[in-house]
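So that you can map any letter, position 646 of the sequence shown is 657 in the working numbering, and since no number is skipped, the others follow by simple counting.
Hints listed in this document are in silico derivations from the structure and should not be mistaken for laboratory results.
Check the hints yourself; a few may be wrong.
[Stated by the list, open to error] Quick list of the computed label-pair ranges, beta carbon to beta carbon:
1. D521 x D605: 35 to 43 Å
2. S44 x A169: 56 to 64 Å
3. A515 x P474: 17 to 25 Å
4. A411 x L438: 28 to 36 Å
5. L438 x L37: 42 to 50 Å
6. G420 x L60: 25 to 33 Å
7. L60 x H645: 35 to 43 Å
8. L37 x D63: 27 to 35 Å
9. Y59 x E451: 39 to 47 Å
10. W558 x T25: 39 to 47 Å
Ideal Cβ placement from N, Cα and C applies to all residues, glycine included.
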Amino acid sequence: MDENSLFSLDEQATETAWRAAVDKALKGRPFDSLVRTTDDGIDLAPLYLPADDARPLGRSVSGPWASSQRIDLPDPADANTAALRELETGATGLTLVLASAPTAYGSGVHISDVASLDRTLEGVALDMAPTRLEAGGAGRGLAGLFCALVDQRGLDPAGVDVHFGLDPLGAMAAAGKLSASWDAVARRSADTTQAIAARGYASPVFLADGRPFHNGGASDAQELASVAASALAYLRAFVDGGLDGDAALRRIGLAVSLDQDQFAGIAKLRALRRIWARLAAECGVPDVPAHIHADTSWRMMTRYDAYTNLLRTTIAAFAAGVGGADSLTVVPFTQAVGLPDAFARRLARNTHTILLEESQAARVLDPAAGSGGAEARTEALAAKAWDLMRDIEKKGGLPAALASGWWQGEIATVRDRRTAAVRKRKLPIVGTSEYPLMPERRVEVLETSDAPATAPGKPVTLPEEGGGAAFAALIEAASGGATLADIGAGSPASGCTSDARPLAPMRLADPFETLRDKAEAVGEPTDRTVMIAGLGPLAENAARSAWVKAAFEAGGLITSAAATLDTPEAAVDAAKTAGVACVCLAGSDERYADMAAETARALKQAGVSSVYLAGKPGEQETALRQAGVDGFLHVGIDLVEALGEVQNRLGIAA
Numbered sequence: 012m013d014e015n016s017l018f019s020l021d022e023q024a025t026e027t028a029w030r031a032a033v034d035k036a037l038k039g040r041p042f043d044s045l046v047r048t049t050d051d052g053i054d055l056a057p058l059y060l061p062a063d064d065a066r067p068l069g070r071s072v073s074g075p076w077a078s079s080q081r082i083d084l085p086d087p088a089d090a091n092t093a094a095l096r097e098l099e100t101g102a103t104g105l106t107l108v109l110a111s112a113p114t115a116y117g118s119g120v121h122i123s124d125v126a127s128l129d130r131t132l133e134g135v136a137l138d139m140a141p142t143r144l145e146a147g148g149a150g151r152g153l154a155g156l157f158c159a160l161v162d163q164r165g166l167d168p169a170g171v172d173v174h175f176g177l178d179p180l181g182a183m184a185a186a187g188k189l190s191a192s193w194d195a196v197a198r199r200s201a202d203t204t205q206a207i208a209a210r211g212y213a214s215p216v217f218l219a220d221g222r223p224f225h226n227g228g229a230s231d232a233q234e235l236a237s238v239a240a241s242a243l244a245y246l247r248a249f250v251d252g253g254l255d256g257d258a259a260l261r262r263i264g265l266a267v268s269l270d271q272d273q274f275a276g277i278a279k280l281r282a283l284r285r286i287w288a289r290l291a292a293e294c295g296v297p298d299v300p301a302h303i304h305a306d307t308s309w310r311m312m313t314r315y316d317a318y319t320n321l322l323r324t325t326i327a328a329f330a331a332g333v334g335g336a337d338s339l340t341v342v343p344f345t346q347a348v349g350l351p352d353a354f355a356r357r358l359a360r361n362t363h364t365i366l367l368e369e370s371q372a373a374r375v376l377d378p379a380a381g382s383g384g385a386e387a388r389t390e391a392l393a394a395k396a397w398d399l400m401r402d403i404e405k406k407g408g409l410p411a412a413l414a415s416g417w418w419q420g421e422i423a424t425v426r427d428r429r430t431a432a433v434r435k436r437k438l439p440i441v442g443t444s445e446y447p448l449m450p451e452r453r454v455e456v457l458e459t460s461d462a463p464a465t466a467p468g469k470p471v472t473l474p475e476e477g478g479g480a481a482f483a484a485l486i487e488a489a490s491g492g493a494t495l496a497d498i499g500a501g502s503p504a505s506g507c508t509s510d511a512r513p514l515a516p517m518r519l520a521d522p523f524e525t526l527r528d529k530a531e532a533v534g535e536p537t538d539r540t541v542m543i544a545g546l547g548p549l550a551e552n553a554a555r556s557a558w559v560k561a562a563f564e565a566g567g568l569i570t571s572a573a574a575t576l577d578t579p580e581a582a583v584d585a586a587k588t589a590g591v592a593c594v595c596l597a598g599s600d601e602r603y604a605d606m607a608a609e610t611a612r613a614l615k616q617a618g619v620s621s622v623y624l625a626g627k628p629g630e631q632e633t634a635l636r637q638a639g640v641d642g643f644l645h646v647g648i649d650l651v652e653a654l655g656e657v658q659n660r661l662g663i664a665a
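Produce the entire structure from the sequences given, and follow the hints as far as they go.
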């Protein structure tokens, strides 16, 4: 028998045999110690049996997903150059992002009228390249400009694959306001959808978008519940406006964010298809397929050691492809640093190419089908999201739940718990809180420019919504030269819900990056240097020295090391040689009992202003503090708070 084999060749690999082997390996620890619990309270077991009755949940159309790349360069001419490059070198679609979109992340094309939109899409065959529009609160106006451009180019709308991306509820969640009361917005939404459908467009008009909720801190189930509740709100608006259930559902697309948790991302997409299928069945139109767009997560991106974002986005993109996304946008790896250049955009585009052409990730329909773990997680996530969606409905639906702030509060509870885990490094971020790169390897980004001010010319006066008349008039006005500002001025904010609590986009790395920014601004390296004083032999202090080194560097502090110090005098000499004002002692508990207090006292007497100790002080805390130890760094503390204190002692100001 191979000593590395779990079972002998004639032994059946049953769950019972596996459990027995596990119990032996755990050496008395409970089996539950192997169970992991998600943000949604879903327990993930270490082993699952195959799911024999599983059915595949794949893309609505077989074949590869559409690689829809961001076009967000401010100048329309530059945006056009980027768009043509994307299509010429592998992308199969474009995502046009305006600065008003919740997914702009500090960028966005400056589009004001049909002429600037035409310049942005010059040379782009709109009847060949699928296009996604993302404009947030300006979505209805951009949709009008796009329809006017299609008319201007003499194209048949039926042959133009455009997802208009209208999502007033997502914009409300991100910005904390609607342009009007929900009743007014609902009537306007139905009118817009009817007008676009009447012109022959076949693609979704509205987008039930989970990304603003994900970026605001939502868990996976909360994001899916937000998508389902958005879809329900739009569905009601369309049906009340005169559309039947089948036509209404076909005008709603779905979108979610996927982060570097590969199996969570696969389960999220599969669960969303389960939820949509149940929703469609409840409406009596079970044959309406879901169209799901996925973005790689903004929330997971980092500014420092930005190259680690390439790993994150690749994992997320793989999960999207395997999980069954119909279209996918890979956010460039430098997006959190600034406006991505051509190199960053090329790597984002090539992520699709490698996954599709080299890894063949789209060849198998739903590879996760039948996996016990994937099926169990999918079903549990779908059930949890459905229950949360029902909770939203009990509050009067998503518009009311957002207006009251209740849903934002529910999301904030999960977000704050996750943020606390990040601050304690229970949820490590590679390159930021874990294995920070010192010194930083800088990346190139482009300069941004503010959008030119466009004062409204003549506000667009539209007829009363109903049957598509208002939006048809809006398209006519856009064809006549009306700008987005004119269109916005013609839609007064009646019943504005501006007091809603916004879900501002956040990134998990923010707390550590703020510390790093402060430290990086210090001119002299010695002013932010901490010496790690290893007490005793290296074998005794190596583990704690390595841990605390990474902890200090996560806050942008430079570390120097004195590895084997046997006496307080040796520690004082090392500190004087290094010229530092802060020293952290690192060693074994036994070594601390023998010499930590005496060493701290000697360092303080020698002029070292701050002394820290790596590890929990236990019963020695009082004696150590009396000897001059200012603080203790160990697993489980709020490291952001602790590093902030260290920076303050070093005189590092905001």
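**Study point:** Ascending list of hint numbers which this structure does not respect
**Key:** Result: hints 3, 5, 6 break, sorted rising.
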